[in-house]
Every structure is written in C-alpha cells, then in structure tokens.
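Asks: These protein sequence lines are chains Y and H, in that order.
In terms of my numbering, the first sequence has 208 at position 121, counting the first letter as 1, and numbering is strictly consecutive.
In terms of my numbering, the second sequence has 707 at position 125, counting the first letter as 1, and numbering is strictly consecutive.
Certain hints may be false.
[Said to hold, decoys possible] With a Cα cut of at most 20 Å, we get these calculated EDC-like pairs of lysine to aspartate or glutamate: (1) H:K737 x Y:E110; (2) H:K673 x Y:E110; (3) H:K673 x Y:D104.
[Unchecked claim] What follows is a set of in silico ranges between Cβ atoms, one per label pair, in the way DEER data are often shown: (4) H:L679 x Y:F182: 32 to 40 Å; (5) H:N678 x Y:F182: 31 to 39 Å; (6) Y:F185 x H:V675: 34 to 42 Å; (7) H:V685 x Y:R100: 23 to 31 Å; (8) H:L653 x Y:F182: 38 to 46 Å; (9) H:W622 x Y:L342: 30 to 38 Å; (10) H:I648 x Y:Q107: 40 to 48 Å; (11) Y:V285 x H:L679: 32 to 40 Å.
In short, the hints are calculated from the structure, not lab data.
Glycine included, each C-beta is placed from N, C-alpha and C at the ideal position.
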Amino acid sequence: MEHLTDKRTIRKRRRRDIWQQRELYVFLLPAFLYFLIFHYFPLYGLLIAFKDFVPSLGVWGSEWVGFQWFTDFFNSYYFWDLIKNTIQISLYSLFVGFPMPIILALAINEIKDNWFKRSFQTITYAPHFISLVVMVGMIIAFLSPQSGMVNHFLGLFGIEPIAFMSEPGWFKTIFVLSGVWQNMGWGAIIYLAALAGVDPQLHEAAKVDGASRIQRIWHINIPTLMPTIIILFILDMGGLLSVGFQKILLMQNQLNMETSDVISTFVYRAGILDANYSYATAVGFFDAVINAAILVGVNYLAKKRSGTSLW
Amino acid sequence: MFVYVFLIIILIMVLYPLVYVISASISDPKLVHSGEMWLWPMGFNVEGYKLILEYEQIWVGYRNTILYTILGVSINLFVTLPAAFALAQNKLVGRNLFMMMLVFTMFFSGGLIPTYLLVKNLGLINTVWAMVLPNAAAVWNIILCTTFFRVTIPKELTEAAVIDGCSTTKMFLRIVLPLSMPIIAVMSLFYGVGHWNEYFSALIYLSDESKYTLQLVLRQILVLQELGNDNVQSTITSTTAEAMQHRQTLAEIMKYSVIIVSTLPMIIAYPFLQRFFVKGVMIGSLKG
Numbered sequence: 088m089e090h091l092t093d094k095r096t097i098r099k100r101r102r103r104d105i106w107q108q109r110e111l112y113v114f115l116l117p118a119f120l121y122f123l124i125f126h127y128f129p130l131y132g133l134l135i136a137f138k139d140f141v142p143s144l145g146v147w148g149s150e151w152v153g154f155q156w157f158t159d160f161f162n163s164y165y166f167w168d169l170i171k172n173t174i175q176i177s178l179y180s181l182f183v184g185f186p187m188p189i190i191l192a193l194a195i196n197e198i199k200d201n202w203f204k205r206s207f208q209t210i211t212y213a214p215h216f217i218s219l220v221v222m223v224g225m226i227i228a229f230l231s232p233q234s235g236m237v238n239h240f241l242g243l244f245g246i247e248p249i250a251f252m253s254e255p256g257w258f259k260t261i262f263v264l265s266g267v268w269q270n271m272g273w274g275a276i277i278y279l280a281a282l283a284g285v286d287p288q289l290h291e292a293a294k295v296d297g298a299s300r301i302q303r304i305w306h307i308n309i310p311t312l313m314p315t316i317i318i319l320f321i322l323d324m325g326g327l328l329s330v331g332f333q334k335i336l337l338m339q340n341q342l343n344m345e346t347s348d349v350i351s352t353f354v355y356r357a358g359i360l361d362a363n364y365s366y367a368t369a370v371g372f373f374d375a376v377i378n379a380a381i382l383v384g385v386n387y388l389a390k391k392r393s394g395t396s397l398w
Numbered sequence: 583m584f585v586y587v588f589l590i591i592i593l594i595m596v597l598y599p600l601v602y603v604i605s606a607s608i609s610d611p612k613l614v615h616s617g618e619m620w621l622w623p624m625g626f627n628v629e630g631y632k633l634i635l636e637y638e639q640i641w642v643g644y645r646n647t648i649l650y651t652i653l654g655v656s657i658n659l660f661v662t663l664p665a666a667f668a669l670a671q672n673k674l675v676g677r678n679l680f681m682m683m684l685v686f687t688m689f690f691s692g693g694l695i696p697t698y699l700l701v702k703n704l705g706l707i708n709t710v711w712a713m714v715l716p717n718a719a720a721v722w723n724i725i726l727c728t729t730f731f732r733v734t735i736p737k738e739l740t741e742a743a744v745i746d747g748c749s750t751t752k753m754f755l756r757i758v759l760p761l762s763m764p765i766i767a768v769m770s771l772f773y774g775v776g777h778w779n780e781y782f783s784a785l786i787y788l789s790d791e792s793k794y795t796l797q798l799v800l801r802q803i804l805v806l807q808e809l810g811n812d813n814v815q816s817t818i819t820s821t822t823a824e825a826m827q828h829r830q831t832l833a834e835i836m837k838y839s840v841i842i843v844s845t846l847p848m849i850i851a852y853p854f855l856q857r858f859f860v861k862g863v864m865i866g867s868l869k870g
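So here's chain Y without its partners, still in its complex pose (with noise of 0.2 Å):
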C-alpha cells in the first residue's frame, strides 16, 4: 500500500512540474515538429524501399513487393563497381586527409611566434568557406589542359598536357587531394583546442629528464590528442559510404564516370532524374544501413581498444 502511493505521489509531482515547465516545451515546439516532419516521417517514407511506390497510390496503398529492389540491385552489372568506387574513395579520403589536420595541429603547437601562428591559421582556415561550387570550378579550371595552371606549371619540366577531368585514373587523386587543401587548416583547430589543454609543466618535467622535442610530442602531445582523434575517427567512419557525395557530384562528368559513381550519386540519378523511388530508396537504405553498422562496429572496437567511443 504505501509502495503504491509512493509512486502516485511521485507520478504527481512529475505532473506538476511538467506543468511548470510548460513554456520550456513551448520553446521547444519548433525544433520538434522540425525534426519530426523532416527527419522521422522520410524513415515512415523507407517503406517504399519494400513496396512497388505509385505516387497516386501513396506510400501506404502502394503494393509490397519484398526485398525485390535490393536483390536487384545486389545482381544488377553496375554494383560492384558502386562499392569499389564508394569504399576507394573514403578509405582513400580516410587515410590521406584525416592525419594531415593531427599532423598541422602539432606542427602549429610548436611555434612560440603569436603573429606567425596566427596569421597561418588565418590563412589555412579560409579555403573552408569556399563554396564546392567554386572549389569544384577551380579545380576544373586550374586543371584544364589548354589554359590550367597545372599543365602550365607540368610543361616546364616538358610533360604534355594531362585532361586530368576527364580521365578516370586521375579521379580519385583530385578529389582527396583538393578536399585535403580546402579542410586540413580548419580540422586542425579542434586538435589546437585539445592541445592548448596541455599542461606545461608535463613538458618542463620532460624536459628536465633530457626528452627530445620529438620525444615529447610523442610521450606528451599524441596522448593527450588521442581521445579527440578516436572521436573523430569514429564519426568519420560512420560516413563512410556517403562522403563527398555533393562534390562527387559535381566533379562527375561522362568521361571519369568509371571511377567517380558511387552509392549515393547513383541515388540522385535514379531517384531524382529517373524518378524511380522505390528503388533509389532501396539503394540509399542499403547504404544507410551499413554506415550504421560501420559506426557501432568501430564505436565498439574503440571502446574496448582504448576505453574511447561516442556512447
């Protein structure tokens, strides 16, 4: 009897300040609705991955037809090299562009000049806020066989004109290299941040000991990063199969098609300009679903790895 109105007294607490609080839900009516209209009903619209979507029909009244667009897709002549492309051009971003900010942001840490520091970051910070419209004119133009700076620059040392857009070899070169350009200044501030949390007398004691400066960023600087560098690397992990996708977008063209289409540019042709829905949106759940599974997988193994992981 009094476990019962134990619970009664607590449920009518809870009541009470639920009612107290009633403007704070206010507050948070809008972000709400937002994110329940344009966030939780497109997963409702995931059904058509299953159905044969008829737009007059709806997502409800169109016909089941099972996991016959996956097995379509899974046996269709062009999956293969989706996946190829998808998992070569993020491993290949991965590997090349995620160690370059650690590298610069140690670099940076060394340099006791406040003015040169800061007028390098300043610097290195700024190809970030250049549109990939125009990163991706840029790189067209710069590249360009007749008038790019590029073959420009390759003709000096007497190398003929390479069209590098439009061949595929040169594809995935391009694109991790200028993303590596445009983002390594401004991914190298969070690993300041990390850095600046660096207690100095750690390295006064190092020092006294006769530790080199390279062996004192390795003993003291690398650790005090890693938590920082596991997050990140997870996170970067869970968007594995969909990086780049809007600058792979616009780099593509006919030519470089070979080594370009990946999962979710062949989405956009199919779903958007082919406007076949249901299969376009039973490729995106495919790609979702094993991004999902990479992040809890990697999340895991960093877990029981280094006791570092997102949840």
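Chain Y is already provided as a structure; the job is to place chain H on it using the hints.
Replies: The following block gives chain H in isolation, referenced to the frame of chain Y:
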C-alpha cells in the same frame, strides 16, 4: 627550423591558388590562357567583371541567395535558440528522450528520396520554403548552443529571475538572449555560410530560373561551362568561327571574376568574423 619550413610550404600551397584566382580575374585573359601569368596580375583587364555586371542571371541568383540566407538564418535561430535553452535546463522532464531523438537523426535518416518526396508532397517544390524549411536546424548547432547556455548563463541568475516572478519567456528574451550575443553571432555565421554555399537543395528543389540561387548559376558557368542565353550571347550575333572563339575567351575570363564576385561577401567579412568561427568550433570541442 624544420617546423617553420614545413609550415611555410603548407602556407604557400594554400595561398597560391587563392592569389592566382585574384590575379587571373584582373589580368589579360590571353596571358592567363597561355600561362605567362604566374602569380601577380599581368596586363590589367577587368573585362570579366564588366561582363558579370551585364549578366543578369548572376544578379538574380545573388538577390535570391541573400533573401534565402536572411530568411533561412532567421528560421534557424528561431528553432535553435529556444530549443537549446530548454535543453540546457537539467530539470526539464523528458530532456534525455528529446536529446536522443535529436542525436538519432545524426546517424540515421530516411535519405535523399523519402525527403525529396516529402518536400514534393508538401508542395514546396519551386518555392523559397524548400530552401529553408528542410534545413531549419542542425543537431550539432543545437548541442553547441546548449553547451553555451550551460556554461555561460549562471543558474543563480535564472533562478533569481523566476523567484522575482519573471516568466520563462520573458527571462529568455530579456536576460538570456542579451547575454548570448557571442553564440548568436556564431550561429548566424555557421548557418549563414551554410545557406550561402548550399547548392544541392537548390539543384533538386528549384527548376524555375527566376528562383535560382547564386550557387546554381555558378554551377552553370563554372562546372557545366554554359553561359545562359541572355546578354552575353546576344552581344555576339553572328555564328562565325571567330564569334565562337570570342565566346570561348569570354567564358574563360568570366570564370575567375565570377569566383571573386560570388565569394566577395565572405572575403570582406572573413577577417573580422574568423575568431567567431573559431570560437564556435572551440565550444563544440568542449564537450565532444
């Protein structure tokens, strides 16, 4: 010293393309084309800028982008700030549930097609709303603001206000917001840059040229290398080979100047605003 050499090399690599674009935009296109211009402008020429002035589509895009950015940021702030303030209150019943609801969307979403179909069914295609409503808030930014409110608004202040009989809304508007100018600046910038640079929403949701954003127009010029069929083309009436050649060169010069013109607001504002951006990232890293 090795570190300096390394950083200076990086500096040159980052800076060179930026300087090149500026130089190329005011140089003689022939010298740029042949590769004689390396770093500093050669053969001063502003033909490209003149062409842009006459190129109506760019200005339509410019106007639309400014409009969408202002409207978009207003909506972003209206959604983000109150929600973040509510979430910063530990005593809020159901706070964790709501937080989980937000974070879930960061890792799993319906994806491109269901979202597109939703926007279509809502009748937003080809309207301004398609550019601002689907991006009304970003989870990361809400978390950022929540952290900011927690760290900078003293609990005693809000509690005292409540005891004095101030309603939550009044307190939020009169006390909390005036104290939150730094984060409001950071948010306006983050969201603003996002709207300014956004091209994909415009690509899939807008087909009416009069509603095009700057980025879509840029895409036509820079990526698809198409010049619209208005002014630039009408200045060349004949279709002789010479005219074609001329058209080609026009397209070439316009590219660099159009990059400058479209990025101009950012170039002007950047040195002043840079520290705000950095502050934003720092707040984000406080609690990862």
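Asks: Would you list, in rising numerical order, the hints stated earlier that this structure does not obey?
Replies: none
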